[in-house]
Amino acid sequence: MTIFNLFRKQRSAPTARERLQVLLAHERSSNGSDLVSLLREEILAVIAKHVQVDSDKVQVKMDRDENVTILEIDVEIPLGAVSQAA
Amino acid sequence: MGKVIVVTSGKGGVGKTTSTAALGAALAQRNERVVVVDFDVGLRNLDLVMGAERRVVYDLINVIQGEAKLSQALIRDKRLETLFLLPASQTRDKDNLTPEGVERVITELKRVFDWVICDSPAGIESGATLAMRHADMAVVVTNPEVSSVRDSDRIIGLLDSKTMKAERGERMEKHLLLTRYDANRAERGDMLKVEDVLEILSIPLIGIIPESMDVLRASNIGAPVTLADARSAPAMAYFDAARRLAGEVLPITIPGEKRGIFGKIFARRAA
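First to last, the protein sequences are chains A and B.
Position 82 (the first sequence) corresponds to 82 in UniProt numbering; numbering is contiguous.
Position 38 (the second sequence) corresponds to 38 in UniProt numbering; numbering is contiguous.
Quick caveat, the hints were computed from the structure, so don't treat them as lab data.
A virtual CB, placed ideally from N, CA and C, is assigned to each residue, including glycine.
Hints may be right or wrong, so weigh each one.
[To be verified] One-sided and incomplete, this derived list gives chain B residues near chain A with beta-carbon spacing under 8 Å:
# : residue
1 : Arg-111
2 : Val-146
3 : Arg-150
4 : Gly-189
5 : Leu-192
6 : Val-194
7 : Ile-200
[Claimed, not checked] Here are the computed lysine to aspartate or glutamate pairs in the EDC-like style, where the Cα-Cα straight-line distance is at most 20 Å:
#  : chain 1 : residue 1 : chain 2 : residue 2
8  : B       : Lys-162   : B       : Glu-125
9  : B       : Lys-162   : A       : Glu-27
10 : B       : Lys-110   : B       : Glu-145
11 : B       : Lys-11    : A       : Glu-27
12 : B       : Lys-193   : A       : Glu-18
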């Protein structure tokens, strides 16, 4: 509005509003059941069935925006770690 | 048959007890028969805010366990004849708060009082779910701040699933009471605005209580805000909220907004 606004700190309320809207959209749709942690556990269980995995070598990341959740599972499989044949 | 209201929020420290006392007193100041019930077993405070802490003999748990009659446990307010307090127990385990016992007490209170106002403990555990269980309507106390809004959203979900009304397939009437609101900070963009919180939580607004020294002053002296200074800004906001609870239709005003130049100068000095 005025030149003084340039020197003012950025307003924080719009950020609060956006963060809440994204968070609550996810919390409401999850409806108590935590799909992400369910997927994470089952996916890792499937991998562990076929490969000996060092739990330190597994990275799970999650990112949420308005419309989607991205679940990123990064498993390092060392050479020769294949246990039983699939 | 009286109406049962739960004052709830999820988050602690947002003003549930202050609001229970103020709304209870405001309704009693309209000559309606009111009982305020403290559900915060182990951490009771409604007695203190009401200024009745030295008069507690029996409590809700005593009544539930059959160790005292309801009439023995009810404490009449010294200032308002139609206002009563049913305190929580300070020493007993909260597991003594049984669903059957709570139902019996609430049913009995509804027969005698026009309003039964239940002050919920913070959190989402048994104390909080029991406080809301038999409610006809809910007042969701929220601060314009992210953690409070998130917890209120969670509580709204519980109100729509864990209450008797919800289980019977009826709609729980929910009202937002926005507390500690600072219109100037919201105007500057440093605080969530009324419309932001309303849009996110999407339940109707029953009142906006301004951030004010008068609230602390009232609890210091042990009087509900509406009795401590009926002319103060938060008291007037609570009076309006109580009238809306009683079904009156009043335009919502945002306290402290559109202050003139003198108001601004005064605010600077006070700050």
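Hints the structure fails to honour: 1, 6, 10
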